[in-house]
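Undergrad: Those protein sequences? They're chains R and C, same order as listed. Residue numbering for the first sequence follows my numbering, beginning at 136 and increasing consecutively. Residue numbering for the second sequence follows my numbering, beginning at 11 and increasing consecutively.
The set of hints was computed from the structure by calculation and includes no laboratory data. Computed from a predicted structure; not experimentally measured.
Computed cross-link-like contacts, EDC-like style, restricted to lysine to aspartate or glutamate with a CA-CA straight-line distance of at most 16 Å: (1) R/K145 <-> R/E176; (2) R/K260 <-> C/E326; (3) R/K145 <-> C/D629.
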Amino acid sequence: MAVCIAVIAKENYPLYIRSVPTQGELKFHYTVHTSLDVVEEKISGVGKALADQRELYLGLLYPTEDYKVYGYVTNSKVKFVIVVDSSNTSLRDNEIRSMFRKLHNSFTDVMCNPFYNPGDQIQSKAFDSIVSAMMVQAC
Amino acid sequence: MDQGAAAGTGGTFISLSETEQRCYSGLHALCQPDGTGTPAAGKVAELFRASQLPADTLHQITEVCGAKRLGYFGCGQFYVALKLMAAAQAGLPVRLESVAGELPLPVFVGITRDPEMRYPTHPPTNESQPHIAGSAPRPPADRPVFRHPESSMDEQEAWSPPRSPPRSPSAYHSYPYSAQRNGTDALLAYDGKLSSRSSVSQENSSPSHYFVRLQPEPLPITQVSSVDYSDDPWRITEEQREYYTNQFKSLQPDLNALILGTTAKNFFTKSKLPIPELSHIWELSDVDKDGALTFSEFCIAFHLIVARKNSYVLPETLPPTLRPGYVDQGVTQSEELSSVDRQVTSRPGVNTCKQDTRDERRQSEFSPKRLPDASEKPIRRVSTLKPDSPQELDASMKSRTRPRSHSSTSIDDAMKKAEEPPTPPPRPQKTHSRASSLDLNKLFQQSGQASKSSWLPPPPALPPRPPATQIFSFRHGSNKNTQKAVQQPNFADFSRFREVETSTPPQRPDLRGGLSTEDLAPPKTDPSAALQGHAPQKPVRRKLHPDSQSATPPSGTPSSAATLTKSTQRLPPKQKRAIQMAIRKNRETNAVLTRLNSELQQQLKVVHRERVTLESQLDLLRPVTSA
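Looking at chain C on its own, in the form it has when it is part of the complex:
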């Protein structure tokens, strides 16, 4: 009858009627496992779901009551939310004005009550029905609450015992106050009666309070069972998330990268769901409409598939608990949110990244984007439920990326696939073990690398640079040699060990795969061994070998090579010999290189042919591509 205390630590003042106050404080109590005055988000979410309102209504409610702003449900927000739910259930629009009047109490289904058991009581005879949670006594709510017990006394109504927060922490655990919400009808009936009880003074409250305690209502747990998370098919539990993470990793090791549409299609087709359903699931889960799945989208899709396989009907729109922006207990939520934001901020980059991921899975692109994630986390706190923003982001992303996205998915895919065979990634294990073949391998690899992939300039140019200068400095005498050495240091090595080389069959396959980065980096491996007739590990170093033959065993370092050459410089008669040897070596090297060149050309032709066949196949499969 009278308007109770304003509901509101949050600052929104709404007058509640008595019954509402009772009901709400009961609900509030249920939602508070720790009695700090702040309802737990999880419980609140359960309560919301139990109200059976459509998802967008719930969002509206959340927004209107101010929880979105605050990021959590304070006491006031909670009460306002409850009133709004009542309004929505009564068919009124979700607005603050609609809660101004007297409304029937919100109905919640699917919420069981548990722990009244704890209270020693004689369950009121009547009930197996849920009853309004006795509402933990909280000072502001106490007064109305205690009327409640009175009425219960009179009505023989079973009221759940008022639980003081410290007393019943476990009570709230996942048993949303037994939604006695069925009990709300009972409550409605008492509305009239209760209102007649105007004057419960505070002093009465305490005795009645205790009295009520004796009258707890251990609601039969036969109430709607299985509430909490298991009840909600649209919420991803932790172990489900773990499983999805593993599955994601099996398809794409980087959690921040995207799974391509075709990959996902093949993967999800294994689930044996009919294609139209898979198509619908894809539509629901690909929120940014880019034809690929991020980790969160993948989780959503997987979850929907799992739900469908368990015979849940697929929703028409994505439930709020599945939306990427939904803040749950999962840590990954922040990633999802940040991924959504990240996508917005770096949309152009993402598209190019998609192409990269297609052929090389370049994760470095994504790592800088992780940086914004740290800033997203605080934002996550503020927006517990943020279904609208992803939608807005989607729309904006869609409009922005529309010109790019579809072109990149299909055609580049094919092209890149055709390109891939020709440029295999460098294989690190390029035969360092065998001495004799090593030199040759390195030589082929380097020159092969240069010609095939055009990643490097001719091998001599890069690594030898420092030594080259050194060599060059003193080697004026043998300019030719120096030049050759500068430009083709490995040739020197190569020719020197030609006899060894001929003994080992040229490693043709090495050409293709031998693009090991290791080879490029001058490994300072036993140069002495190399000089003494073993193929040096890295031809790069070897530029000075022709000279160093006569010289002391060179070390792998350029400086040592330089010293070697310097030593030769002091021996004029040796220079001539050195020059001649260098010439011979160079000629041999030339021969080898020409052979190499021809082999590479053949490989190139083969690859070209493969590419042509692939493209023709592609054309056959794609009747709709543009002319």
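Bound-form chain R, shown alone:
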């Protein structure tokens, strides 16, 4: 269960960011922001020739003592970032992958909506519900 989920646009501004509001959202915003550097590093590391082979799932971007940050980038350079609690060790890699897959699917649903202009904040209720389902239940 994620603690914070963010969708970053190609130009590196957030399209959607939501966190479990227990620990102050500012900290998560900052974490996501710094993780963008790591994302850029990972995707620029692969040369042009390997662009198609580049996998969308970036894996663990960097761990800190409190939490781990995972990244995923789409072919249109939209980035998804998930922050999970470090103490939650039961989360396996393919669970994170499936979370990203679900995010990607609902993101494309939002994109398919002709009333959504790419670059706007994501205000879709369906997307919200998917994200909420993935977030940690605030206790």
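Following the hints, put chain C in place on chain R, whose structure we already have.
TA: This is chain C only, laid out in the frame that chain R set:
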């Protein structure tokens, strides 16, 4: 007190308590306009809605009680459904077990009663409240029912008169037994009392039955008014559907094809609703998440917009009556269901079809898909309410089409739009009227067609084939001519009528638009006229003209042309002349073609430039596209 008859023609045996039996048979009676023993689906649906249970609970109920399997509500299913509703309203899960026990009666609101009026009676003094429908006397239910009247007698309770089905067909019409359901509380109160009345024997029933008749309860229609369809904002009525159909046709003439997202967006933006709401409506109505609207999705979206404009709050999820799989009285429901299934079965095809519809609206793709529709119709019968299947289908479709759908919507759109100007559809009205210009037009059209659209091989090749062989057979003498004739039959015509041609200005615009299919098909139009100095309708035929000049007036058919050439064959001295004429004609034709070629090249450049500008505009508008 005692457990009444098992509820169930459907085979599910559930014991009902007395009061429940009374209540249910009353409801049952209300739901049966024709007294055949089968509640009408419409009435049942109203009743369900009136119970004010959430949509998915109602679906569950439908499923559990077996109506989904059967496709309709039989007597047994109806009773089970009622019990389940009572359970749900009491907060119990919708399961068969939960209905085993005694439950309070289900509460229905929003149901008016009407036609007690028909019964001559002295309305019991008390009531303006709804009362339990007197339950038409039906043999199994009779017994408990008649207790009912007894109690009413005692309680001065106004019970609606028991209505025998034949008697009150109109009673049920859209007035769901006045949901006396408010009366259910009254009934609850009597629960204890009624249970004490254990023994109503059957024999008592008849007199009391009649007695009850005298005591009908013409419920004031002041009861919750406006029930039935007008009450439910989430049901599409027939005239609404008509209207939506017309609107759909105005956007997309083929009812089976899709409306693209951008088209729909422009259309719905005209409704002046705020964009976030339109976005939400889109999310609700695009069930297959493909970025385009089928006819049913369009109806849903339109209906939601209409509802919103009438200040109805938009639901979070699609109400069951709006779901595409919902079987209503509408005929189009089958289409919707079949469209959903069709989409599942032909998902890859649909995506490609979307692209086709974008530039050419190829409906032929969809027509084969109509075939499965016939098979869907029987399926529709079986599944009256099928909200789950569309969802499953959606999920599966979504997963399957996800890799394809978003790529095709935006980028191809732009590309195809850029492609469209260069290849206009063939215009059928390509100047058949004027003789002189005709030949030229055909020539240009054909050659233009070949060069521009590359649909055909060089014009001479296709149509002349049959005549070519004929010509070729005898034309050994003038091989050159034959070859030319075979390959460029129209040239012959063309050159022959060159004088005519020069008189008429070359029809440049024809080049672009002149791709009429008619021109391709050899129209057998007055060939004689053509030969006699008028441009022939179709250059195709004309291949033999050079020879035919000296020959008898050729008919439009190749055979006649062949005969013409044959006639020339017999005149050796003429051959030489013919050859020379052919050479001249061919040279002229060459000149014309080169001119044509240059014109086409210029047009191509112009179009290229247009395309480049469009693409650059597109890039400007799309900051997020992939690098």
